[in-house]
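2 protein chains.
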Amino acid sequence: MEYVTNALGRRVPTEVNGEPAHPYAGVGGLRPEGRRHGPPIRSCSDFPSSGDKRVGDLRTALERCGLRDGMTLSTHHHLRNGDRVALEALQTAASMGVRGLRWFPSASFPCHEPVIDLMRQGVVQRIEGSMNGPLGAFCSHGGMEGMGVLRSHGGRWQAIQDGEVHIDIAVIAAPAADAFGNGTGSQGPSACGSLGFALADSMYADHVIVVTDHLVPFPCVPWQIQGNHVDYVVEVESIGDPSLIVSGTTQMTKSPDRLLIAEYVARFVRDSGILRDGFSFQAGAGGIALAFAQFLRGMMVEAGVRARFIRGGSTKYLVDMLRDGLVDYILDGQTFDLAAVESIATDPRHVATSPFTSYNYHGKGNFASMVDAVVLGATEVDVHFNANVVTHSDGLLLHGIGGWQNCLEAGCTILAVPSFRDRIPVIVDEVTTITGPGELVDVVVTERGIAVNPRREDLLAALDGSDLPIRTIGEIQAEVEALVGGKPAKPSLTGEPVAVVKWVDGTVIDTVWRVTD
Amino acid sequence: MEYVTNALGRRVPTEVNGEPAHPYAGVGGLRPEGRRHGPPIRSCSDFPSSGDKRVGDLRTALERCGLRDGMTLSTHHHLRNGDRVALEALQTAASMGVRGLRWFPSASFPCHEPVIDLMRQGVVQRIEGSMNGPLGAFCSHGGMEGMGVLRSHGGRWQAIQDGEVHIDIAVIAAPAADAFGNGTGSQGPSACGSLGFALADSMYADHVIVVTDHLVPFPCVPWQIQGNHVDYVVEVESIGDPSLIVSGTTQMTKSPDRLLIAEYVARFVRDSGILRDGFSFQAGAGGIALAFAQFLRGMMVEAGVRARFIRGGSTKYLVDMLRDGLVDYILDGQTFDLAAVESIATDPRHVATSPFTSYNYHGKGNFASMVDAVVLGATEVDVHFNANVVTHSDGLLLHGIGGWQNCLEAGCTILAVPSFRDRIPVIVDEVTTITGPGELVDVVVTERGIAVNPRREDLLAALDGSDLPIRTIGEIQAEVEALVGGKPAKPSLTGEPVAVVKWVDGTVIDTVWRVTD
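Residue numbers (the working numbering), protein chains in the order written: chain A, 1 to 517; chain B, 1001 to 1517.
Read the hints as simulated data drawn from the structure, not as lab findings. Incorrect hints may have been included.
As the list claims (entries may be wrong) - Just some of the chain A residues that point at chain B, by a computed CB distance under 7 angstroms: (1) Arg36; (2) His37; (3) Arg42; (4) Cys44; (5) Ser45; (6) Pro219; (7) Asp231; (8) Tyr361; (9) His362; (10) Gly363; (11) Gly365; (12) Ser369; (13) Arg456.
Built from N, CA and C at the ideal position, the CB exists for glycine as well.
Pulled out of the complex, with its shape left as it was, chain A reads as follows (with noise of 0.2 angstroms):
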């Protein structure tokens, strides 16, 4: 294996699993050559006239695509921890006898926790994609063959769209399906909301086969993946577990500590003048990130300012803001809760967005650079504003990128975090993996205070006379190391790569290494 030094100075394999690797040379340093992967021609004359593309069960239709040992079987991870399919797929295919496969989820939960099984048997030789929890533990520990590579939303779009990734097949489970292979996520007893991480598989894939426990009449509209790009549609009795799906309420922090990072966070959008009419903002739904939305929209309707749109994963605290004519839009991505589901089925201003849209920074621009102000977390962040989320302190490798990296290219990029935890401060003199260059990333907002970043002047400068508790980071690092007793300790790894992170162009930002037993 060999390595090079990255812009950021870290060290990144320059092939990962037999392929070439770039390094990561600065936001908008890689110039993109060549042209977007074209999918096969189809003929309509192998298709059946009726539109009924139905087959018996997974099997069938796997067979039928001509699966293979070595092929690239995608899913999406819409249905989170309820979902059913991507792990029947891949047990399917185990049954077939089938090996090596690369694994493509858009991210994978702790209910895939069985394909563990399926690497030690070799039935799947590696996962790229988000790996939530056990299989990230498992990859962390070097238990997969190949390497794992971490892509953002965006990033992932980027691949399949740039053909560095090719689907062979792509399993996309539908909440509601037609038998032609329209799909949506909006109806059905496992509605999920928006299907807008399926879209580039189903557009860019070899052999698409739909999955289905609500199958309606032709036309199932809106058709968020299109049938037009789908070989066979298969119906069960449930692709989720509707309870692991959605929430059925998103719950909002009730710790102090984050309560006053989250209204510190409000204040500073407030007080930065990014609070104004037509504004726009994108928080998750995490927590802290949901009572920043609360504490928002009390300063929303104190100064009688109206949003002109909300990008990022929907909750009721946004829909209320719809119905209560505070924002103009819903840009989904994700919908996490019931009312969020309802909303997006039923109200033509919650927009049903994609990582196409949002976040692919191969495109002619996207939303998120659009967006004025988001509110984003992270496990780690260091004193030059370099930024972790994948990994822990201790390295394992623990969570995905989502559109963190994505949503970096914001107007104003702000980390709410806690200061420490468990006794670990957060801020570091060097991240355990960079996942965001310090240089996107604008604001970290603690419960002990604001650091701006230097390089936003004009926001030290619009702050000038405010009584947010505005700080350096170095100010801020050496208190909680003084209350924690110094600095965290470093994690124990080997030499040995488990996996990389890419930037959202496909070059690497970074390595993550396996960690000692």
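Following the hints, put chain B in place on chain A, whose structure we already have.
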């Protein structure tokens, strides 16, 4: 120029405009190979992070797209005879001194007649696209330097998607758009409803310019055209004449003969058993088609039947059926009158479609083949049911194909035609130009009787005992010839080809010959 005889016995060139052409090989006779066209990979680093892609005028946009001699410039025809943008783009190119362009409209109209001057000046070398009226006549008389290429709506998508036609610059008139380039046809003073004909252009062209007279704040929802495909946005005073874009109201025929034809068609659909709960049909905006829909409506009410979907150009008559609960969905390809434009903008059951969903033959099926019955017109039909829609019996090219070829895949294809026009019989021994093969034409309905294609024994059996005037096509032909004084005169044609007609798979189904001056 070399010729071959294709599967319908027609003499077609082996090369068109310097590129190889494949002769028609029968329905489903061509096995496509290769991969879809991939447009160039772009990077967000080359586009403004604010998302604002506006430039001062169309000339600036064309210059920045690198317009030069010999390029292909595409436009769409949703603004119909009210369009101001296509001509403006070509005249701007002329003012820049550019020559030898291929103009690739989804269709051209009489309002584009000034393009004749541009062809005489050498600015436009040829038109590939439907030529309605004066441009078709100009082509017929040999005025165009290059050869015309006529494609159906689905064939145009196929040609772009398969890389047969490479679009350098697409100029897309959008009745509403935001500065990022998201565009919709459903709002603004020049609203036209669906923008589906421009979709392939936006996805596959190297460069895309959106021209609008109604700029809205981001996001323009719904984005029928996605800003992520768009390079530049140009604001203009007016993209078209609203009174010529959509009709105030579409008019159905008042001719007793044509009303009789429409009634026969409706009765045929009913008596053959096609009219049943959950059925579907397509009918255009022509006078007979509208009258057919009204007759059918009455029969549906009488039978207590509800359709699942109606495909095709939408009008007040279809919108009324949607509102009155006679159909679940309108799957709209073109929006013809004010009532339909209002409906598609506000009713989620009135769904915009594209040639990809509806007509593309090189996909994994399409909607057209799922339609139970389609009612179409023709200029001529021969005794083998081969039909012509592009030339008149005098050989003049005066019409485009539209979706006509694509619709032939429906469960039951009905040509509704008067038995003669201006004392010229419509049923002939041999059509001037074959636009669709007789094996896909199931029924010819005239005011003198209904001829069922002998291949459709099922339809003949279903109508056994019916009181409809079922006759052979030869009987009707003979009766008309006796009435008008014999067979029509043969057109006076030269041996010089001026255009080819492509079949839905890109093969050449017939040649259009220059008329004798």
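Hints versus structure:
1. Arg36: holds (4 angstroms)
2. His37: Result: holds, 6 angstroms to nearest chain B Cβ.
3. Arg42: holds (5 angstroms)
4. Cys44: Holds, about 5 angstroms.
5. Ser45: holds (3 angstroms)
6. Pro219: holds (6 angstroms)
7. Asp231: It holds, given that the least Cβ distance between Asp231 (chain A) and chain B is near 6 angstroms, below 7 angstroms.
8. Tyr361: holds (5 angstroms)
9. His362: Constraint on His362 (chain A) satisfied, holds at 5 angstroms.
10. Gly363: holds (4 angstroms)
11. Gly365: holds (4 angstroms)
12. Ser369: Holds: closest Cβ of chain B sits about 4 angstroms from Ser369 (chain A), inside 7 angstroms.
13. Arg456: violated (14 angstroms)
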